[in-house]
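Chemist: Take a look at the letters that make up each chain.
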Amino acid sequence: MAELIQILVSGLAAGSIYALAAVGFTLLWQASQTINFAQGEFVMLPAFFVLVGMTMLGLPMWPAIGFSLVLSLLILGVAFKRLIVEPMLPHGTLPLVIATIALGLLMKESVKEFYGATAQPFPAIFPQTVYNLGGASVSVQDICNLAVSMLAIGSLQLFLNRTAPGAACRPRRRTPRWPRSWA
Amino acid sequence: MFGKVTGTAAIALALATVPAFAEIKIGSIVELSGPGAAAGTNFRDGVKMGFEEINAAGGVLGEPVDVEEYDSQTDPQVSRAMVQKAIDDGVYVITGTVFSSSTVVNMLVAKQAGIPQFTGSEAPSITAMNNPFIFRTAFGSQKGVPKLVRYMTEEMGVKKVAVVWANTEFGKGGHTAFVEEAAKAGVEIVADIPTEQAQNDFSADVVQLKGVEADAVFVYLTEEESARFLREARKQGITQPLVGETTLIGNKVIELAGEAANGAMGHVGLTPNADIAAMTEMVARFTDAYRYTPDHNAIKGYTAAYAIKCVTEMIGSADSAAFAEKMHGLTITAAECPGILMDVSWDDTGEMSRESFFVEVEDGKQVVKAVLPPN
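Those protein sequences? They're chains W and C, same order as listed.
The numbering used here puts the first residue of the first sequence at 5, with every later residue one more than the last.
The numbering used here puts the first residue of the second sequence at 469, with every later residue one more than the last.
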């Protein structure tokens, strides 16, 4: 039983991180018909921005996270849309998909070149206390991962369903329109 | 006028085709990206520093050494292509790769071309494939593991062991060697847990450990996976000693695992914390130049550079075939070749013998507990 609880909790914690990446991927598809092959790199880059903020700019952790959020918004939001999506989308979905493959490579190689290719230790955002729950070790990190993910996904749903800018992000047509001659 | 121009052009062309003063080229083919980047970068920097020092002191046989770097991306097929590329570029000796899965594939290319290769890999199969051109920079696990098992049974009194290993060429080699030695020493294996390269989550594997009664856990994973494993083991409260080889307690692992690395123990062929003056000085110079503490892979690369220098000077010319022949059955002492740091011998298969150390991580540093003689 303890093993089941352990695997359940650890699985949920790790899975919630992947769920965030998946939600980002889906949102991009819904809002702009973009299949983003660089989604993995989109998840990686903000983490490296935090490290840049801390190691190169000497910022404490939370200001570095703020710095990373602003930079990510500018690069992965504004710059991505203006420089990749807008020029490529008029040519169809496939050219855009191929462009995101290239973008993924560019981002990965740039980080390797300008920061480093080896794994980097990342500072602990949450306290590292571990609790014993029915024989399973549940850390504050696990609980917080889950909480932050659910908060992010919940907030995103509210934004998409209850606000005007959110409604604009949703696709206008849900069902495909068939040519009249097929009816 | 036309005649003068063509005449000048012809002379210029002729001069251009005269071969430049012959340089000694070394192919440094390592994992600079992918899961092996930690190990490969260390090895590359060790080779680089070794040859920078050698060139500053006048080069090899009075000629400067040119080190060409190639990234194998921790991919066996890419590493094979890079070895071919290095050979096409005219290298004299190859240093690398570190990951055994890559070495078993790419060393066949070097063997066909007759180019000696100093590898950082430890899988036993590498020196069991009749390759006269492969030479180790750290002894294989079939040599290291018996020393480790002897220490575990005689000094630690271990009778029951759980084994966690990576399902790669490297991991399989260590696992097989350990299981054989444990059987000979009468040690019971109470759990056998295989894991994957680049595995992110070890919670299920550590859960299995909690359910067994073991005196110690033998951990045989590569660097990044070791760090993740140590963190998970600490989180789930594993109290049994975690014992491994160099990949469990290297400096990069200590950096990535943080506090979770304390208490981990390992048998290491090389350690920056050994009480050897030449080693301590090399580590200090490296840390100064590259801004990080070298791990055993950097020391492997450094000793490879000096082995190449000293052996080339022994044979008197940059002859790849003569180099390979000289290496078999050779012993180089630190007295005659200071850059080699410790006395080392190679046998006919390219396997090496050297003193080694049993260390424990205390407060983020490797502390030497015992010095084990060469076998």
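Because the hints were derived from the structure by calculation, they are not lab data.
One or more of the hints may lead you astray.
Pairs of lysine to any residue residues, derived as SDA-like cross-links and limited to a Cα-Cα distance of at most 25 Å, are as follows [what the hints assert, rightly or not]:
| hint | chain 1 | residue 1 | chain 2 | residue 2 |
| --- | --- | --- | --- | --- |
| 1 | C | 703 | W | 153 |
| 2 | W | 116 | C | 535 |
| 3 | C | 628 | C | 599 |
| 4 | W | 116 | C | 545 |
| 5 | C | 553 | W | 144 |
| 6 | W | 116 | C | 618 |
| 7 | W | 112 | C | 668 |
| 8 | W | 112 | C | 544 |
| 9 | C | 703 | W | 112 |
| 10 | C | 678 | W | 112 |
| 11 | C | 703 | W | 98 |
| 12 | C | 703 | W | 139 |
| 13 | W | 112 | C | 667 |
| 14 | C | 678 | W | 131 |
| 15 | W | 116 | C | 703 |
| 16 | W | 116 | C | 548 |
| 17 | C | 703 | W | 149 |
| 18 | C | 678 | W | 110 |
| 19 | C | 678 | W | 12 |
| 20 | C | 703 | W | 110 |
| 21 | C | 703 | W | 143 |
Chemist: Against this structure, judge whether each hint is valid.
Modeler: Hint check:
no., hint, result
1, C/703 / W/153, "holds (21 Å)"
2, W/116 / C/535, "holds (21 Å)"
3, C/628 / C/599, "violated (37 Å)"
4, W/116 / C/545, "holds (21 Å)"
5, C/553 / W/144, "violated (50 Å)"
6, W/116 / C/618, "violated (42 Å)"
7, W/112 / C/668, "holds (19 Å)"
8, W/112 / C/544, "holds (20 Å)"
9, C/703 / W/112, "violated (31 Å)"
10, C/678 / W/112, "violated (38 Å)"
11, C/703 / W/98, "violated (45 Å)"
12, C/703 / W/139, "holds (13 Å)"
13, W/112 / C/667, "holds (20 Å)"
14, C/678 / W/131, "holds (24 Å)"
15, W/116 / C/703, "violated (30 Å)"
16, W/116 / C/548, "holds (22 Å)"
17, C/703 / W/149, "holds (15 Å)"
18, C/678 / W/110, "violated (43 Å)"
19, C/678 / W/12, "holds (16 Å)"
20, C/703 / W/110, "violated (36 Å)"
21, C/703 / W/143, "holds (7 Å)"
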